[in-house]
Amino acid sequence: MEGSLDLLRLPPLPRAFYERPTEEVARELLGKILLRDHDGRPLAGRIVEVEAYLGAHDLACHSARGKTPRTAVMFGPGGRAYVYMIYGMYHCLNVVTEPEGSPCAVLIRALEPLVALPGSLCGPGRLCRTLAIDRSLTGHDLATPPLWLVDSPDLSPRGPIARSPRIGVDYAGEWAERPLRFFIDGNPWVSGARSLKKGPTRTL
DNA sequence: GGTATGATGGGC
DNA sequence: CCCATCATACCC
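For the first sequence, position 77 matches number 77 in the UniProt record's numbering, and the numbering has no gaps at all.
In case anyone wonders, no lab produced these hints; they're calculated from the structure.
Treat the hints with caution; some may be incorrect.
[Claimed, not checked] Across the chosen pairs, the derived CB separations fall in these ranges:
| hint | residue 1 | residue 2 | range |
| --- | --- | --- | --- |
| 1 | 118 | 144 | 28 to 36 Å |
| 2 | 6 | 158 | 25 to 33 Å |
| 3 | 177 | 141 | 13 to 21 Å |
| 4 | 14 | 87 | 28 to 36 Å |
| 5 | 139 | 119 | 21 to 29 Å |
| 6 | 69 | 90 | 15 to 23 Å |
| 7 | 69 | 153 | 33 to 41 Å |
Backbone N, C-alpha and C define an ideal beta-carbon position, used for all residues, glycine too.
Can you build the whole structure from these sequences, using the hints too?
What follows is the structure, encoded as structure tokens:
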């Protein structure tokens with residue numbers, strides 16, 4: 001945990017970072033660092049895999065079915081957390097993007113651990129379990145503890161970025177094929193290395 | 001290497 | 001009924 005104290009001092013990403021086109025934010029989130037203060041334990045990981053969800057027209061995006069209590073946070077300003085429960089057992093962490101009224105988000109799919117951790121950060125469900133992230137954090141401002149994002153040019157090498165279709169959204173018609181999953185090519189912490197079909201992949 | 005399936009709960 | 005998932009079981 002020696003390095004964690006330095007991480008805690010890094011300035012958070014400003015709201016303006018998130019209130020831009022979602023695909024741009026998704027790409028630039030690769031390499032950024034997610035910090036979690038859980039009961040005083042500092043946890044940290046570097047983002048290596050994300051998916052962009054482009055709003056009401058994107059049939060894979062939860063906001064495509066309109067504004068509901070669950071998805072309301074996506075309709076608000078950028079830079080807040082949207083956490084939902086999936087399959088009754090897991091949670092997924094999203095970062096709300098674009099200005100108020102444009103209900104878009106970026107799903108955080110995998111992190112590379114930066115400190116010793118009690119579990120895996122590979123996969124959206126596992127990373128939420130390991131970092132103790134659940135729906136109580138929906139609406140949380142991701143510029144403040146206990147869950148926040150920072151940039152560290154020295155600690156955040158990005159490597160070659162690749163893109164592919166998103167995972168688990170086959171029901172979304174044409175939107176299922178759009179290459180809106182972004183990941184650091186070759187990074188061992190990227191999910192889907194086992195039996196998941198990743199679809200066509202290309203480097204940027 | 002691969003595919004199949006159950007767990008489990010809230011949203012619509 | 002639907003899942004933006006994971007772990008386990010079983011079969012090549």
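Cross-check of the supplied hints:
no., hint, verdict
1, 118 to 144: 28 to 36 Å, "violated, 24 Å"
2, 6 to 158: 25 to 33 Å, "violated, 19 Å"
3, 177 to 141: 13 to 21 Å, "violated, 34 Å"
4, 14 to 87: 28 to 36 Å, "holds, 34 Å"
5, 139 to 119: 21 to 29 Å, "holds, 25 Å"
6, 69 to 90: 15 to 23 Å, "holds, 20 Å"
7, 69 to 153: 33 to 41 Å, "holds, 39 Å"
The structure shown violates the earlier hints numbered 1, 2, 3.
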